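Trainee: One letter stands for each residue in the lines below.
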Amino acid sequence: MAASLDVLRGTLDLLILKALSWGPAHGYSVAEWIERVTDDTLVIEEGSLYPALHRLDERGLIEAEWGLSGNNRRAKYYALTTAGRQALKTESASWTRYAEAVFAALSAPASLKPASV
Amino acid sequence: MSSRREPLWRRYLRFFGPDVDADIEEELRFHLEMRERQYLASGMTPQAAREAAERKFGDFDRHRRRLRRQDARRLRRDHWSERLDGWRRDVRFALRTLGRQRGFSLAVIGTLSLGIGATTAMFSAVDAALLRPLPFPRPRELVELRNVEVPFREYDGQEEHPSGAPTIRDAIALGELFSGVGAYAVGGLNLSGTGTPIRIRVGVVTTGLLPTLGVRPAFGRLFLPEEGNPGNATVALISHGLWQRQFGGDSALPRSVLLNSRSYRIVGIMPQGFTFPEGIDLWIPLTIPMTFETFEPFRGAILKTVVARLSPGASLDAARDRMRQLWVRLPAPERGESREVLTDPVRPLQGSLVGERREPMLILLGATGLLLLIACVNATNLLLAHAATRERELAVRAVLGASRGRLVRQLLAQSLVLSVAGALGGLALAAGTLRAVQGLLPKGMLDIASPHLDLRLLAFAVGLAGVTGLGFGLWPALGAARTDAQGALKSGGGHGATAARRGRLRRTLVTAELALALVLLAGAGLMLKSFATLLSTDPGFQPERVAALQVVLDGSRAERNANRVMAVSAILERLRGRPGIEAAGAVNDLPMGDQIRMSIRVGVEGRPGGEGVEPIFARYLMASEGYFRTLAIPLVRGRFMRETDDSLAPRVAVINETMARTVWPGEDPIGKRFRSGGREGFRTVVGIVRDVRERMDEQPEPHTYFPISEFAPPDVTIVARGALAGPDLLAALRRAVHEADPTQAVYNVRTLADAMSRTLAPRRSNTLLITVFGLLALLLSLVGVYGVVSYTVTLRQRELGIRAALGASRRDLARMVLAEGTAVAALGIGIGLVGAFALSRVLRGLLYGVEPTDPAALFAAAAALFIPAILATLIPARRAARANPVDVMRSE
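Protein chains in written order, with this note's numbering: chain A, 1 to 117; chain B, 1 to 892.
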């Protein structure tokens with residue numbers, strides 16, 4: 001846990017969309033999924049998870065509906081809308097490009113060091 | 001996912017709107033619980049699991065608050081955009097529908113434009129004069145102190161002090177009530193020293209006036225307190241306009257100007273647009289006390305107004321009480337003519353500037369209000385007729401599940417679209433008539449606040465549109481939405497209970513419309529009759545072919561009375577021999593002018609005055625014999641004054657018939673003697689002339705004429721009667737004066753007929769406006785009558801056909817329809833007459849020589865409405881007469 005990172009806001013939205021791409025889920029399972037798949041590297045703050053969910057709902061990327069959880073508890077389920085699915089596709093593409101670019105820079109060989117003036 | 005659906009009861013709760021708070025709470029709690037479960041599963045004790053979950057979660061309340069804010073914002077936004085969307089859809093729908101029915105739409109829009117335009121135009125005048133505050137700081141504090149005197153130094157301490165009223169000094173002493181007190185008077189002076197002498201309007205103001213109003217000069221300074229003392233008052237402030245015109249806006253102003261040949265030092269320039277009280281170009285100090293010396297040029301033609309600013313804590317009522325006390329301390333006979341002032345000694349300045357124009361303006365605004373009401377009734381009527389044609393469509397939509405609220409909203413959107421279009425048309429109309437409206441305002445008011453189209457007016461028109469849209473649209477909308485869908489579908493519209501109900505409603509509306517129109521027409525009839533009465537009133541003189549101009553026999557060259565008398569005589573001498581001029585004369589003040597009338601208190605020889613004797617006031621004029629000949633004022637008895645009646649001769653006077661009757665009832669006044677107040681010697685009455693009216697709408701007052709050859713005032717009006725037409729006569733008159741004295745400035749050049757017509761101008765415009773409103777009302781209600789009767793004919797087509805089949809003649813059918821039209825018209829007119837009677841007192845102030853219940857005028861109004869109303873029903877009646885049983889049967 002010591003190595004956990006805070007999640008940037010735009011990134012959190014993308015992760016939420018990805019989490020929901022497997023099917024409707026409630027907030028807790030979204031958080032739990034992210035923590036699980038990143039091996040607890042990314043820790044989701046509840047203080048930002050729910051505002052993000054509600055914001056995405058408002059933007060029409062996901063929609064919320066009340067349902068019953070597996071243990072028969074009332075829970076709010078979020079599901080991707082068509083617009084959300086589309087956003088996930090474009091966002092994850094651009095995120096990947098971005099991450100690859102940063103990674104390429106960080107792992108650049110010494111021979112490519114900045115020109116000295 | 002169906003197994004996870006929330007319980008049904010919860011959805012019913014949603015019916016009342018989502019419960020945002022509970023949802024958030026529940027969502028977050030669920031999260032906490034799940035986390036706790038996870039920790040439990042990983043082997044923690046329940047206690048440790050809960051604590052760890054809570055620690056991980058953080059501040060529950062903060063998270064909840066934040067979500068709550070976020071969701072509430074969203075909810076509000078959703079709510080509004082949903083509504084807006086609905087309205088936008090309805091408006092689009094209305095535009096489409098109306099676009100398809102252009103004739104109907106134009107009729108409604110035109111009707112509303114008339115009503116809204118007339119009301120908005122009138123409102124612009126009322127707004128400028130009555131509602132908009134004066135352009136001074138804290139304008140509500142400004143009041144006029146009525147009948148407060150500015151004392152004359154020469155009268156100070158004298159027993160004869162004019163009215164015995166409180167003086168401005170008394171008001172200034174009331175520092176706890178008034179934070180500032182000032183007085184002003186308006187007059188004309190000759191400005192010379194810069195080329196041709198010009199005549200300018202001068203404000204003579206006490207040094208306290210401008211600070212009281214709260215104005216500052218654009219350049220220089222205001223008057224200093226010591227410049228309000230007699231002897232120091234040789235300073236002047238000039239208007240921005242005069243600075244631009246006469247001095248080219250040059251910063252190197254001449255340091256002094258000559259006014260009636262006296263030198264004044266310019267100390268400041270007032271800001272642009274400031275011309276208080278009206279059209280003033282130059283201000284000089286009014287000293288306290290006034291002196292004959294400084295006041296000489298204005299003598300006989302100046303009225304002072306005293307203005308004060310209430311102290312922050314002082315109320316109008318407190319000021320009234322205090323000023324009343326100042327009056328009450330005076331002995332009773334001195335208060336004789338001021339009883340009216342006693343009841344209202346302090347008035348808000350704005351009200352007193354508007355003065356007597358207030359009442360007509362409000363009445364006219366009321367008249368436009370009636371017109372607007374008629375327009376609305378008419379629009380309602382048109383909408384009802386329109387609703388009949390859409391009955392089927394609405395019924396179908398109702399059957400298909402459109403809610404009643406939705407239908408009402410849609411119909412209302414339609415009427416709002418119509419009324420907004422009406423408001424735009426109305427604004428255009430108001431903009432076009434603004435110039436005419438300006439004529440309704442007092443001249444002084446135009447300078448201070450002139451009516452113009454601005455956001456206020458726009459807001460007013462839009463507000464009217466909203467109210468009218470709801471007003472005329474709601475009823476038809478509710479009615480249409482109530483439509484009995486089944487009935488309408490079965491009968492194919494135009495029949496059945498709905499149609500009959502609508503027919504009754506429309507008849508009622510037309511009756512109301514006729515009643516309202518009659519009220520307006522009755523007003524128009526009364527005003528027209530007043531005006532005709534006024535025009536046919538004999539003013540006591542013949543204004544045709546008489547020209548007049550004013551000259552100022554100013555200080556340096558004519559300081560002495562003898563010089564002025566000679567100057568007048570020289571001008572008259574020039575005129576006498578000229579071809580084309582039949583008679584000429586001189587007088588200090590013409591009838592039909594707007595000058596301040598001077599009166600004397602008549603002291604009759606041998607009759608004691610004092611307590612208990614009603615004082616007689618007579619207007620006093622100074623005239624030459626030629627004045628009477630020029631205006632063709634007949635001599636009744638005795639003789640006119642002669643040129644030999646000079647200051648050395650025994651004093652004589654010519655009086656008018658009213659004075660003869662008032663002062664010497666049942667006696668022969670010729671040879672009787674009287675004097676002005678108690679100051680001068682007695683003078684003998686030598687002649688009686690016919691009464692002359694000062695204004696057409698005023699009864700003659702006692703007049704006395706002193707020979708102008710005895711005393712000539714500085715300000716003299718020269719009159720001439722000629723064979724020439726107006727402009728030529730004016731030119732001849734001007735030339736003669738110029739020849740007599742080339743340096744003489746003349747002003748106020750006009751023909752007497754023009755002057756007379758000017759005094760009638762406010763009445764003329766009031767009469768014209770009410771008449772126009774009445775005619776518009778007539779037109780609108782005729783459209784209404786025609787519409788409703790022709791609608792019933794359509795409704796009864798079947799019945800009429802059956803009657804025809806059963807043997808009714810065409811004449812019978814037409815008579816049936818006519819009878820209905822007549823009934824509606826008679827009922828409407830009857831109700832209108834009652835209304836006109838009830839409102840008659842409102843109009844009394846505007847009438848002249850006509851009772852507000854004048855039967856002839858009311859009858860004429862009724863006839864003017866009844867006859868066209870019957871004619872309007874003739875057209876549908878003829879259609880009814882052609883009813884053909886075969887056609888009717890076929891159409892079924």
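Hints in this document: simulated from the structure, not taken from any laboratory. Certain hints may be false.
Per label pair, the in silico range of CB-to-CB distance [to be verified]:
| no. | chain 1 | residue 1 | chain 2 | residue 2 | range |
| --- | --- | --- | --- | --- | --- |
| 1 | A | GLU58 | B | ARG435 | 52 to 60 Å |
| 2 | A | LYS89 | B | ALA428 | 52 to 60 Å |
| 3 | A | GLY10 | B | ALA428 | 48 to 56 Å |
| 4 | A | GLU58 | B | GLY405 | 42 to 50 Å |
| 5 | B | GLY99 | A | GLU58 | 35 to 43 Å |
| 6 | A | VAL102 | B | ARG73 | 31 to 39 Å |
As the structure is a computational prediction, the values presented were derived from the model and not from experiment. A virtual CB, placed ideally from N, CA and C, is assigned to each residue, including glycine.
Trainee: Now tell me if each hint is right for this structure.
Mentor: The hints, checked one at a time:
In this structure the supplied range 52 to 60 Å holds for GLU58 of chain A paired with ARG435 of chain B, their Cβ-Cβ distance being about 55 Å. As the Cβ distance of LYS89 of chain A to ALA428 of chain B is approximately 55 Å, the hint placing it in 52 to 60 Å holds. With their beta carbons about 54 Å apart, GLY10 of chain A and ALA428 of chain B fall inside the hinted range of 48 to 56 Å. Restraint check, GLU58 of chain A to GLY405 of chain B: a C-beta distance of roughly 28 Å breaks the suggested window 42 to 50 Å.
Under the hint 35 to 43 Å, the C-beta atoms of GLY99 of chain B and GLU58 of chain A, about 37 Å apart, fit the expected range. Here the CB-CB span from VAL102 of chain A to ARG73 of chain B is close to 35 Å, well matched to the stated 31 to 39 Å.
Hint 4 alone, counting from the list given before, is not met by this structure.
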